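Build the complex from these two chains, which are given one at a time in their own frames, with help from the hints.
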Amino acid sequence: MESTAHAFKENVGHALADPNLQDSLAKLKVGFSERRRQAAERLPEFEALRDRARDIKNHTLAHLDFYLEEFERKVIGLGGHVHWAPTAADARRIIAELCQSVNARTVAKSKSMVAEEIALNEHLEALGIAPIETDLGEYIIQLRHEPPSHIIAPAVHLTKDQVADTFLEHHAKLGFDKRLTERNDLVAEARYVLRQKFLDADVGLTGANFLVAETGSSMLVTNEGNADLSNTLPRMHIVLASIEKVIPTLEDAAVLLRVLARSATGQESSAYTTLNTGPKRHEDLDGPEQYHVVLLDNGRSSVLGTEMQDILRCIRCGACMNHCPVYGAVGGHAYGWVYPGPMGAVLTPQLVGVEEASNLPNASTFCGRCESVCPVRIPLPKLMRHWREREFEKHLTPKAVRQGLAMWSFAARRPALYRRLTAMANRVLALFGRADGRYRTLPLAGGWTRFRDFPAPQPGGTFHARWAKRKA
Amino acid sequence: MSTSSPRPPVRPRRVALFVTCLVDLFRPSVGFAAVKLLEDAGCTVEVPPLQVCCGQPAYNTGDRTTTRAIAAQVIDAFEGYDAVVAPSGSCGGMLSHHYPGLFDDDPALKARAENLAGRSYELIAFLVDVLGVRDVGARYQGSVTYHDSCSGLRELGVKAQPRNLLGSVQGLELREMKTPEVCCGFGGTFCVKYPEISNAMVGEKSADIAATGADTLLAGDLGCLMNMAGKLQREGSAVRVRHVAEVLAGMGDLPAIGEPERG
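If you're matching them up, the sequences are chains A and B in order. According to this note's numbering, the first sequence is numbered sequentially starting from 1. According to this note's numbering, the second sequence is numbered sequentially starting from 1001.
Please note: incorrect hints may appear among the correct ones.
[Stated by the list, open to error] Partner residues aside, some chain A positions facing chain B, computed with beta carbon under 10 Å:
1. Y192
2. L405
3. W408
4. L429
5. F451
6. P459
Hints in this document: simulated from the structure, not taken from any laboratory. Only a predicted model underlies this, so the values are computations on that prediction, with no experimental measurement involved. Glycine included, each C-beta is placed from N, C-alpha and C at the ideal position.
The following block holds chain B by itself, in its conformation from the complex (with noise of 0.2 Å):
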């Protein structure tokens, strides 16, 4: 792996992953592409383990007693380290943007809650923005297609550091879709809440993503990838989801979110 300057002066050796509870149930292997990444990159990384969720569910459904509860216990599990890495910009955008607004009436945590986010990073953006990887040496045969994840894409500016990186990939091609930063309907809760809307949603996500032709979707939140993956299998498409690590740290041969073991 090769990388090159600019670098921020002081480089953040101790990394904690912040492996976030779908990848822990649904698809550990976007977290040990975390980990190759963050590894080859120079950093020690460590998984603190009392660390649970974020607390988005709770967040966005107005339980602010029991986010205030989960959030403390995050920042608890996460204290000490150089930076708090998670593979998804939905819950890194949770500790580096909403923690500090939890604990208003709470200097003390508060003052946690803003060190925490100041050294609280999406997967890709820390790579790119903070270590400077510019090559990660990896080879994908296919064309890919990538959905900007909302709270990424709006709320940390993750846009360019995923398309830079997969140029570096070999024997990958990046076909845009038309409208690649508009929600594809996940929403957390929100797709069960509203399925008809959400379905409405992911429906013409699909049909962009059909449209560039690629045979492989990628995106940094897992959540939106089981949506889309969701759909794209339910409407019989056999474009392949990913996430977008995974391609990254050369474990592109695994089986795609949503098929089966092979052999």
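Next comes chain A alone, as it looks inside the complex (with noise of 0.2 Å):
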């Protein structure tokens, strides 16, 4: 999808503009960070099992070259295909071709990141390729036009009576002309006219949450079985995921699995777990004819050996993005691209630019809450900080801070010249600020006066001062 993340502001005025989007954020806000907070209070080696998690990651990613060879050499051994797509335009043309080589004249998709990372569907639909989204949030999105707003939640940004209007709006042409109220009654709806889409696909294209070199298995948790329909009707399946997606075997899958559902939404584990392992065998009942992975870096491999390498443990729970109060105030859209939340905020500036996501890591008070629940303990404020610190390198740092900063620096490297300042300033504060206690309004502070009073100095001097007196 076309990036926005350099209008974040802008994003942001209207995200905090929006009602529906309010009314939203704030179910969202308590639930999430409740349910996995019960999780993983019920699991006592909860910790623990972060820590080994984690430790699964890094060895991954130390030794990823050979995971993922494994990996193809078992796919192939299963009869299955193996694609390497270097960029973005290598998976689109793979996955296209994949598609014309059957006449696809639909795909069913079941919810992928990295399918949207890669503006797959604008692809398919310009070579009169419809793809279907077949999660129920995808679908809804699709059918408003809209990217999703949460990685694991993607219409998370809409009201009930929003999806009703827009059921509504695409149902009623197949006969669905009432408007629905019930959240239950909107599912059945749902279900029922994708039900005929899933029959009709010629490929099913899914992501993937792990990829086990072992066994050459792709993993997938959903808790509407849609994956499982996307991957068993169709003649042809497609595996999209990206390269870091990789682990070394199905114990490894099985203390990652404990952690993302939990972390993700609470569960103990997601309604369903499915292995795909090849195409259909001689003796299996049904399963795709054919069976292909694609494996996109699109800039992964050149993160591997630096300092923001952390950020590919991410196995894509958004825990960060549930916990975190930036996100929790604009939602996911104002990110401006796929991935939002904490984990965007590192990831986007890698895959999009960090001139064009410049806003991205800055825009974090660094409260820590994302890190303290991130299951694979991605030290996300300090990859955010290391973003800065390329900024800063890049003379990227907005002109009135870096100017701010050096005349704030030249002082606070001169604690004679430091003390004479301070002591001034907080003379004046304190006089103007007397009467009342605190300014309404302040020059060259109106980011702080817009919306709140700025507290005036205590008066008789600063510390340092009065201390000197008292030791005098």
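Shown next, in the form of structure tokens:
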């Protein structure tokens, strides 16, 4: 999808003024974090599992070439095919050619953030191939021509009423001309409409939560079972996954699954966990005739061995955004691209360029709540700070900020000068603020006083001045 | 003041106060409250004159060169003290968790940074965890709610300590917020770089504070306190905002943050 990350501040303005979005975010903030907390509490070894999950991913990243080749060997041995896609364009081309090779007219898709990353739908549509999103949330936003706003709950920005309106608008022509009000009725209607699309699909395309090197399996978790229909009914199953999704063994997958669902939704495990291991075998009753895995790099290998490598541990649970007060205030669309929240603030500059996404790693208070819940212990604030350092080196930091910082640091490195300046500031601010104890407006502090009063200093001098007097 | 075991085998005597730039400029009483609490617990408190700032404004803007220069200055200024104590989890965390990583290419300075990190503390955690203070012998008539500032909470594990000491204050009733651990939206320069987001965050915080019905808001970091006080006062709230050290040191009758001198 086209990035609007450069327009972050404008996006924020729209998000804060959108009452439907604010309603939805209010629910998200309470729901997800409370469920995760309870799930973690119920499992005494949860913290130890997070350590193991981190170690598994670190080990894999240290030997990524080995495990990817092992995975490829296994897939080929099963009768499947592996396609290496260095860039998003390569992945789009490979998938389009695969679809065209079976004269596909429709592709049933199960939610894949990597497909969003490479803008697959737009590409297929241009070639006359209709992609059909089968995840309920993805289906809703596909009808509305909106990008996902959350990596596991793509339509979380919408209220039930908005979904009801969308269904009425798009399903009336299929005979569903009654506006629904109950959640279950909406789900039932979507299920009915989607069922025929599964049966019609020529190709099923899914993402993968994990690729298991020892068996050549791709592993998917969903709560709707749509992935299972996407990959068993059509003739061809294409798995689209980025290279860091590979892990060594099924045993490792078991560890990661245990932290994934708990971190994401607070479930002990997702409703459906599906392993796809090659095409339909002779004795199988169903399954795809062809099984293809497209492995996307898209800049990830260049992160290996750098200070940003930890972000490749991410297992896309969404806990960081569920707990992020900035995401909770503005929602996912404000971030302007596929991946929102703290993990997006680290990954997006890597994938679309730091010039485009320079705001994202800056729009954080470094409150650290993301890191405190990350199932693979990614030090997200530290990585955001590294982006700020790169921006500072590249002179991308806004000029006013640089100048202010330069003046401050000139003084901060000269204690005697600093004392004189702070004594002066203290005197002036205390004097003019004395009557009210605070300022409603203050020159050069508009960012503060637009929304908040600014407390005046206590009268009587700075601490250091008063301490010197006390000692004298 | 009564203290109880367990205590560490060696009791730090000579303690340096890291005043923090906000306390120095805006609310010296927090510094004096810290001195009183430390002296009451048997420490000799000194205030190294060459201290300025911990360097976070530069660090969080991505200016590593300036951060290193300021950190080196702090390391010099606080050489030789048994402990370095800050009335702030944010500045305390900077010294104890972030300084060593600044000097990966300079083993000599790294060793000194690690040494400083090992003896740097947030004030309330130092009083409780290191000095074993259990009762501060203070009075405060009112109901208070306590906000957990982010760095203190998540980097330094400051959570139970202030509540334990507040429990020893006569007349004080603690009323917890629904989400005391959620950021108030200050974030240093964040609050002026992204004022709309910061405002949304502090607006939610002020609603959470109001819902407790408490008449006083306390926290351990002056930046967060100024942010929340500014928002509460703009909204016309009567909630008074103070640094937790002031209440613990028996200075709870001073004009609150953003309030004028009386009389």
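Evaluated hints:
1. Y192: 39 Å, violated
2. L405: 5 Å, holds
3. W408: 6 Å, holds
4. L429: It holds, given that the least Cβ distance between A:L429 and chain B is near 8 Å, below 10 Å.
5. F451: 4 Å, holds
6. P459: Status holds, d = 6 Å.
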